[in-house]
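Residue numbers (the numbering used here), protein chains in the order written: chain A, 248 to 537; chain B, 248 to 537; chain C, 248 to 537; chain D, 248 to 537.
In case anyone wonders, no lab produced these hints; they're calculated from the structure. Predicted model, so just to flag it, every value in this text is computed and none were measured. Among the hints, a few may not be true.
Since the list gives no way to pick out one identical chain from another, each pair is judged satisfied if it fits inside one copy or across any two copies.
To be verified - Listed below are the simulated SDA-like cross-link pairs for lysine to any residue, each with C-alpha atoms no more than 25 Å apart in a straight line:
1) K461 / P262
2) K329 / A317
3) K329 / I274
4) K461 / A283
5) K329 / L296
6) K329 / P428
7) K461 / Q427
8) K461 / M341
9) K461 / L375
Number of protein chains: 4
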Amino acid sequence: MRAYLYRILEDGHEPTPAMRATEILLITLISLNVIAAIVETIAPVHARLATFFAWFEAGSIAIFSIEYLARVWACVEDPDLKGRRPARARLRYMASPLALIDLIAIAPAFLSLFIAVDLRWLRLFRLLRLFKLTRYWSALNLLYRVVRSEAEIIGAAVFLLCLVLVLASGGMYVVEHHAQPEAFGSIPAAMWWTVATLTTVGYGDVVPITVWGKMLGAFISLVGIGIAAFPAGILAAGFIEEIRRGREDRNETRADHATANGTGTPNRTDDGQNPAIPRCPHCGSLLREQ
Amino acid sequence: MRAYLYRILEDGHEPTPAMRATEILLITLISLNVIAAIVETIAPVHARLATFFAWFEAGSIAIFSIEYLARVWACVEDPDLKGRRPARARLRYMASPLALIDLIAIAPAFLSLFIAVDLRWLRLFRLLRLFKLTRYWSALNLLYRVVRSEAEIIGAAVFLLCLVLVLASGGMYVVEHHAQPEAFGSIPAAMWWTVATLTTVGYGDVVPITVWGKMLGAFISLVGIGIAAFPAGILAAGFIEEIRRGREDRNETRADHATANGTGTPNRTDDGQNPAIPRCPHCGSLLREQ
Amino acid sequence: MRAYLYRILEDGHEPTPAMRATEILLITLISLNVIAAIVETIAPVHARLATFFAWFEAGSIAIFSIEYLARVWACVEDPDLKGRRPARARLRYMASPLALIDLIAIAPAFLSLFIAVDLRWLRLFRLLRLFKLTRYWSALNLLYRVVRSEAEIIGAAVFLLCLVLVLASGGMYVVEHHAQPEAFGSIPAAMWWTVATLTTVGYGDVVPITVWGKMLGAFISLVGIGIAAFPAGILAAGFIEEIRRGREDRNETRADHATANGTGTPNRTDDGQNPAIPRCPHCGSLLREQ
Amino acid sequence: MRAYLYRILEDGHEPTPAMRATEILLITLISLNVIAAIVETIAPVHARLATFFAWFEAGSIAIFSIEYLARVWACVEDPDLKGRRPARARLRYMASPLALIDLIAIAPAFLSLFIAVDLRWLRLFRLLRLFKLTRYWSALNLLYRVVRSEAEIIGAAVFLLCLVLVLASGGMYVVEHHAQPEAFGSIPAAMWWTVATLTTVGYGDVVPITVWGKMLGAFISLVGIGIAAFPAGILAAGFIEEIRRGREDRNETRADHATANGTGTPNRTDDGQNPAIPRCPHCGSLLREQ
C-alpha cells in the first residue's frame, strides 16, 4: 500500500487515472487557496464570507497535512533513498526543497495554536502555498538552473547595474538636492528616481526640475538603460536556451534510439566518444549527425 | 460557375486579375468598416454623418452577406472537402475558424432585427471585422502556431510571472496598506501598482510613499522586471523564428529542386534519410548540404 | 580637374589628405548647422545671437550650394554614369536619394527669395540637413535594407499591433467612457492611453479609474505588451544581423583570398559551387570551410 | 619579500589563503566605503555619526594609501615589466588604468590638505572608489571590449537615435509650442519629453495636450521606440556574446588539451591550420571537431 501511495503522489513516469485525479485535485486546491488569500484582503469580501474562508482554510490545512504526512511516509519507496534506514530516508526527504515548501504551507497554521500570531500575517503566509505548484511546473527549478549556469554573466551585469545606479544617484543628488531637498535630499532618496528611470518604469512622482538635472537625467536615461537592461536580457535568453536544451535532449535521446535501432549507423553520438562531430560553440551542444 | 467562384474567392495559387480585384475590394471594405466603427464613436462626427454611416453599414452588411453565402456555396469545390456530400461539406466549412469570423462580422446586424440590442454595442462588434483580414494576412495564424509550439516555455514564464505578481502585490499590501488604504487597501488593489511596475508602464497614479514601500518597490522593479519580460521575449523570439522557418522552407524547397535537377548530387536532403547531414541543435533544422 | 573634384567628393576607396579634410569639414559644418537650428529655438539665445546665426546660415548655404553644384558637375566621372551624355548623367544623379537630400538642405533658403515663407518654418527645415550625414554614415541605408528584407515579418507584426491597438482601445472605450468622458470619450481618444500603455511609456495623464477599467487595463498591459514589442524586436534583430552579415562578407572575402593564395585548398567557397558545404538554415550563410 | 607582496596583491593564478584574505578584506573595505559615502548624505545619519564616519574615512585612506604604495613598490615583479629599470617600470605601472583608479580613490583626501575643497564634494568623490572593484570583477573591462568590438554597429545605432531624437523634438516643438510654451517652448526643452518617450520612461510631467500633438506623439512612440531600442539591444547582445566567447575559449583550451593527449586525433584545431573545419558565420568561432 505504501508503494501504491508513492506511485500516486510522486512517480510521474506512467500516470494512471488515480494519479491524474490526485494531481488535478491538489493543483486546484492550491490555486483556490492562493485566490482565497488574495480575495480575503478585500475588506467587504472578508466581512461577508469570514466563516466560509475559515472553514475552507481548516479543510485545506487538513488536506495539505495529510498530503505531507503521506509523502513523508511513502518517501522511503524512492529508489534514491531505498538503501537507507526508513528514519534517515524520511529525515533526508524532509530536508529537500519540495518537502520544505510543503511544510511552510502548513506550519504557520499549527504554530498559531501554540504562539499568539497576528492573524493578518498568518493569512499572508498562505500566498507561499503558490510555491507548492513548483512540483507540477518546473519553472522555478528552471530559473534556478539558469541563474546558476549564467551566474558569472549575471554577476557582471549586476555589478554594472550597481555602478550605474550609484553614480547616477550621486550625480542627481549633486545637481538637484538644492532645488528639491525632499526628493533628492540624499543619495538613497535619489535612488528612488534612479531605479524608476533605469528600469524605464518612470512613475513621474519625482522628476528633475533644474536645467542641469534634466540634462543629466536625459543622459542617464539614454546611456543607463542600455546597461540596466543587461540582467533582464541575460535571464530571458538563458531561460529560453535552457528550455530549448531540455527539449532537444529529449529529442536527441529519441533520435539516438531511432538511429541505434533503425539505420545502424556506426557514428556514436555520446559526448566525447566520436571526435568527428562538430560542436556548436554558440550553444555548446553537438551539431550531431543523424 | 461554382468552380469559378471558388477560384476567385479561395484559391490563392494562380491569381487572375478578377481574383486580385475581389481581394483588394474586400480588404478595402473591411478596413473602411473598422475605420468607420472607430470614427463613429466621436460624438460630433457621429451627429453629422449618422445617415452616411447607416447607409455605409447597410451596404457593407449586404456585401459581406453575399460574400459569406458565396463562400459557403462554393466551398464544396475545395479539394479537401470534395469527396463528401455537399450539405456535410458546407457544415464542416461553416465550422472552420475563418468561416466563423465571417459569420461574426454579419450576425449581430441580423440578430438586431429579432432582438432589441443596444445600438452602441452593435457598432463596436464591427471592430471584430478586423479579424476578417486574417484570411489575407497570416499573422494571427502565425501567432497561434508560435503560442502552440512554445506552449511549454510560455506556460513556465507565465507561472513565474504570476508568482512574482502575487508575491510582490502581497508584499506591497503589507508594507503600504496603512499609509495608503485607498491604493494598497487589498492585494487585488495592490496588483494595479504591481502590473504597472512589472510591465514598466509606470503610470504614477499609485506610488509607494513609505520608506519601506519605496525600498520594496525598488527591489521589485529591479528583480521582477527581469522575470516579467520572459513571456514577451519568448513570444517575440518564437514569432521571428517561425517566420524565418517558413521563409527557409520555401527557399529549401526551391534549392532541393535545383539540386535534384542541376548538380545531380547523390546526397538526399529528406529528413532522416541521410545520416551524414549535421542538424543544428539550436533551431532544429538540418545544416543541409547544397 | 573634374576628375580630381570627383575623387575628393565621392570616391571613398583610397582616401587622400585632401579628401579627409573635405569630409571632416563638411561633417563639422552639417553638425554645427543642426545644432544652430536647435539652439536658435531658445528665445533668449535667438534674441542675443540673431545676427551671428543669420551670417552663419548665409555662409552655410553658400558652402552647401557650392558643394551641391560641384557634385552635380563632377558626377559624370562616376563609372556607373560614364557611358551616358553629361546632361542625362547629371539629371540621373540629381534624382538619386543622396542628391535630393543635398537639394532639400539648400532649396528652402532659395525658395524664400521668391515666395514669402514663414521664417520659423524655414529654420526648422534646417534640421533635415542631418540627413546629409547619411553619406558618411550608412546607418539609414542599413535600416532601409533591414526594413525591406524583413518586410514580411514587420508587416505581420504591425498588423498584430494594429489589431491589439484597435481591440484594446475599443474595450477601454466601452468600460471607461461613462466614468471619464474626457479621456475615453471616443475610440480615437482611448487610443492615446492604449499607445502609451502598449509602448510601456505610461505617462499617467490618462489612467482607468473604474474597477473594470483597471482589470481590463492590467490584462491589456500583460498580454498586449508582448505583441506590441514585436516590431521593435524584429527591427533590432534585423539591424544587428545585417551589420554582422556585412562584416562577415568582408571577412570572408579576405579569407577567400587567403585560402586561394595560401593553402591551395581545392574547396571552392563560392555560393552554389561546392555542394559539400553545409549551410546554416538559421542565418542563411554558409558554414564554410577554411 | 617584495616578490611575496606582489604575489599576494596581484598574482591571481595560484591563490593562497593570505591572498584570499587580502582580497576579501579589500573588497569589504571598498564596499563599506561606498556604502558610507551613500549613507552619509542622509542628514540625520550624518549628524549623529559624523565622528565615526570621519575616523572610518581616515582609516580607509590609510589602508588604501598603504595598498597603493605596496602595489607601486611591488609592481617591478610583474613579468611584463621585469626587464625595465625599477623607476621606469613603476611610472609605467602608475599610468595604467587600474593604478589610476587607485590613485583617484585617495588623491582627493590628500589634496584637501593643501587646497580648501568643499567637504561635500570630497565625500562624493568616494563613490568613485566603486571602480576599485573592477580589479576583482572584470565587468567594466568586458563592457569596454564590447563597446570597442561593436563600435561600428553602436555608432550606426546612436546616429539613428540622434536622428529620431532631433526630428521628433523638432516636430513636437512645431506642434505644441503654442499650446505649452513652458514645456515645448524650444527644441532643447522638447527633447526632455522626447527622451522620456523614446526610452519608454514616460514620467508624465510633460505630455502633449493638442490633438495634433497627441497624434504625432503616438506616432513617435510607436515608430521611434523601435529605433531607440537599438543601442541597448546591441550592447546587451554583445555583452552576452563576449562572456560566452570567453567561457568557450577556456573550455576549448581544456578540450584541446584533452584531445591532444587523449584520442590522438590528427585534426588540429588551431585557427587557419585545418581547412576542413567549418566556421560558424553567426558567431565567428570554429565549429570545431573534438
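Problem set entry | Status of I274 relative to K329 across identical chains (alpha carbons, at most 25 Å) | neither (28 Å within a copy, 46 Å between copies)
Exercise. 25 Å Cα cut-off: does K461 pair with A283 within a copy, between copies, both or neither?
Worked result: between (46 Å within a copy, 20 Å between copies)
Problem set entry | Homomeric proximity label, K329 with A317: Cα distance no greater than 25 Å | The answer is within: 17 Å in one copy meets 25 Å, while 58 Å across copies does not.
Problem set entry | Alpha-carbon proximity context of K461 and P262, limit 25 Å | neither (62 Å within a copy, 41 Å between copies)
For this session: Could you place K461 and L375 in one of the four classes (within, between, both, neither) given a Cα distance threshold of 25 Å?
Result: between (42 Å within a copy, 22 Å between copies)
Exercise. Is it within, between, both or neither when you check K329 against P428 at 25 Å Cα-Cα?
Worked result: neither (66 Å within a copy, 54 Å between copies)
For this session: Evaluate K461 and M341 at a C-alpha cut-off of 25 Å and name the case that applies: within, between, both or neither.
Result: neither (56 Å within a copy, 37 Å between copies)
For this session: Pop the pair K461 and Q427 into one bin, within, between, both or neither, using alpha-carbon distances up to 25 Å.
Result: both (13 Å within a copy, 18 Å between copies)
Exercise. From the Cα coordinates, with 25 Å as the cut-off, is the pair K329 and L296 best called within, between, both, or neither?
Worked result: neither (47 Å within a copy, 59 Å between copies)
The structure shown violates the earlier hints numbered 1, 3, 5, 6 and 8.
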